[in-house]
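Assemble chain B with the ligand onto chain A, guided by the hints.
So you can see what is in the structure, the chains are spelled out below.
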Amino acid sequence: MDQSVVIEHPELLAALRRVLPAGALLTMAEDTQPYECDGLTLIRQRPMAVALPVTEGQVAEVLHLCRAFGVPVVPRGAGTGLAGSALPHAGGVLLSLARFNRILAVDGPARTATVQPGVRNLAISEAAAPLGMYYAPDPSSQIACTIGGNVAENSGGVHCLKYGLTLHNVLRVRGYTMAGEAVEFGGLALDAPGLDLLPLVIGSEGMLAVTTEVTVRLVPKPQLARCIMASFADVADAGDAVAALIGAGIIPAGLEMMDQAATRLVEPFANAGYDLDAAAVLLCESDGTPEEVDDEILRMTDVLRGARATRIQVSRDEAERLLFWAGRKNAFPAAGRAAPAYYCTDGTIPRKHIGTMLRSIQDMERRYGLACPNVFHAGDGNLHPLVLFDDADPDSVARAEAFGAEILEESVRLGGTVTGEHGVGMEKLNQMCSQFDEPSLAAFRGVKRAFDPDGLLNPGKVVPTLHRCAEYGRMRVKAGNLPFPELPRF
Amino acid sequence: MDVFVAQCIDRVREAAARGSALRIRGGGTKDFYGNLPVGERLDTRPYAGIVSYDPSELVVTVRAGTPLAELESLLASQGQMLAFEPPHFGAGATVGGCVAAGLAGPRRASSGTTHGSVRDFLLGASLLDGRARVLRFGGTVMKNVAGYDVTRALAASMGFLGLILEVSLKVLPRPRAERTLRFEFDEFAALARLNAWAGEPLPLSASCWEAGVLHLRLAGAMPAVDAAARRLGGEAADAQAAEGFWRAMREQESAFFSGGAPLWRFALPSTAQPLGLEGGSCIEWGGAQRWQRTDLAADVLRTRAASLGGHATLFRGGARESGVFTPLSPALLAIHHRLKDEFDPARVFNPGRLVPGL
Ligand SMILES: Cc1cc2nc3c(=O)[nH]c(=O)nc-3n(C[C@H](O)[C@H](O)[C@H](O)COP(=O)(O)OP(=O)(O)OC[C@H]3O[C@@H](n4cnc5c(N)ncnc54)[C@H](O)[C@@H]3O)c2cc1C
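Protein chains in written order, with the working numbering: chain A, 1 to 490; chain B, 491 to 848.
Same shape as in the complex, but just chain A (with noise of 0.2 Å):
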């Protein structure tokens, strides 16, 4: 895509200036370079403009003055999405929501909090921690993230085996509609009359409705939590134990797996005392009362002995629990600093396929001459290989990509999702031809235009084209590298 090509729209511009307050509007190529991407950085484009509205009103004016002039829209939060989500349209605007940046009430007694979705993920839990309460979900970008982000990706974080996803948190969503029409979607109450349309605008990437209101559910900080870190001789080993954990009846608040690889990337720079012999290292966190911590603790550690554990440690005190988890929650700084760029691909695997999964990965470093450590969610299955490359060599940065491509379709394979929780964006779009059949996309298409008819709002992510599974398909067939092709894709 040549970056440079933006299509200008003057009259949309002076009719937005006027809508819009002194300076929230950004037009000037150094101005609106800074939005050319998002966290996946190997694809970019400047938008026509960038808006930053302050109040509702702006943004239903926004939207209405663009579905007017036929413009797309492309919401935005900070930026951190890994799949290009929040990519912007050569021909338009980009909607940043930062502006939107104020909680609005923390209702204790209610145990929800209500925020504009410029709020950083962490900021609600430090709004919320005075009552003794936080909102779980964490990603790891949660000091940057906004919770408008973590709606339209309906994002998790390590805590999320036990808490649930953005999904399970949000009680209620208000937005505007490509039409500039406010709607709301959940309520106060746990449900709402009609179709349950909360679900589908959680996760819906920006594509169904711009959030410029949301009501999230918090919870009771545990008093306690301990985290064992567990060793494996192999990682055949370190997936079975987590399948026995399960399997045991117990649901642990975090379940991460790092390999050798991962280890040896974070350990200079996190010194959280990995054991960097093992070919794989668990972090297996209970939380709650102390009581049932002590009892489940113990429980957990018989398992993991059963399943194999060479070497089993039990975080002593709140300081060592974090240097525990320090190392995973900065994988990916970690990885920015080992290459000159990574790659990280989020499919999600039935549990009891890990082994499989690493051991292919494994053959595909040989294949494509690029390393990847593994980080991820075990306990649900949720891979981040992070491939290590070269950003400034177009042959390395081919064979990320098509190594990351790869991981995904062994994914689906595996009777898994190319995504568990970073969205398809434009990231997995060819992807989404392998794990859907085309009737399936085309209801996809479907409930799109049902909340955008005319295709303004963030066009082009997520659902690919009939036309592009079609080339996607003609191109793997004639690569030779699609595992039975006459079988249906699910």
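In case anyone wonders, no lab produced these hints; they're calculated from the structure.
Mixed in with the good hints there might be a few duds.
[Claimed, not checked] In silico lysine-lysine, PhoX-like type, Cα no more than 25 Å apart, as pairs:
hint, chain 1, residue 1, chain 2, residue 2
1, A, K162, B, K660
2, A, K329, A, K221
3, A, K352, B, K660
4, A, K162, A, K221
Same frame as chain A, but now just chain B with the ligand:
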């Protein structure tokens, strides 16, 4: 293709061509619920059976016509359960009906691991829509954000988008220990207590207040249940009696539900003040679900519910033909209209059952 599915496809095509309607029905245990059913009956029960169950994956995939009781006993044999504790409302309840009605039982508002609505535990589904397309959404893994989450919109959809053929549900381990406590509180005190307790890290799994008595169920690891029981006080109920009590609540078999007046369900913020209507309420879900038997007019009740931040549904009895659910805002109604046009343009499936006229 499966014979049943092939037959259904033919029936959908025929109905669409003739402009007639199909009324999806499992065991008929929820015939009473929703707007009046119309159309020729489409019985889902021939399409039954567990497709796959892997306890260590916490997922079960079942066909919609499978008896709910059969699914629950299979899960129980592996120490697992449906975390939303669905009401059956009769012996013949099917999994498809359970999902389509989207009704959850006492565990709905529990703390911790479970956020207990049917929707929260739906992972994947296949659907035969009004265009006679067999569609597949979601999957069997815990986290999946590929495409719009149509799967979860099927919970409580009352057949609006089509015939649910198969669902994958996340299941949970049964709690290792349960205990029910009994307290005497008036309605204000009960609501205040329930909301205060829900803000503390306590293993609450159900609550019910009626006529001055609050029942509270704790569930979790034995030490956590013991510690919470010590902390909360109250009077411990006999385990067997407690089980019967919660089953009766779930199935609406207690005396409160046996009266003759129409039964209304209020979904409200848990902190909403008492409804203050004659006859008194029965309060569940920590204050978020309230039942009321009353002959008062629908608009009076709906206005009251709205003023408290929620909505009211005519659950059983009464003037069903005037619409049991709270009417939608124009913006939402427009979206429903267009969704129906996309999935069921000829209005084959369950017309009007969820949204009058659609
Ligand atoms: C280092 C790092 C670690 C990460 N860790 C995790 C993790 O652990 N778990 C996880 O799930 N994700 C993770 N992410 C991904 C990312 O942080 C999440 O997807 C996050 O929710 C994006 O939020 P954002 O505010 O940056 O949104 P953006 O990137 O700005 O936008 C994301 C999408 O949301 C839409 N959007 C944003 N705001 C609105 C709005 N108000 N209305 C409508 N649509 C809107 C955009 O159009 C776009 O489609 C990580 C990213 C990084 C860089």
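Numbers of the earlier hints that this structure fails to satisfy, in rising order
none
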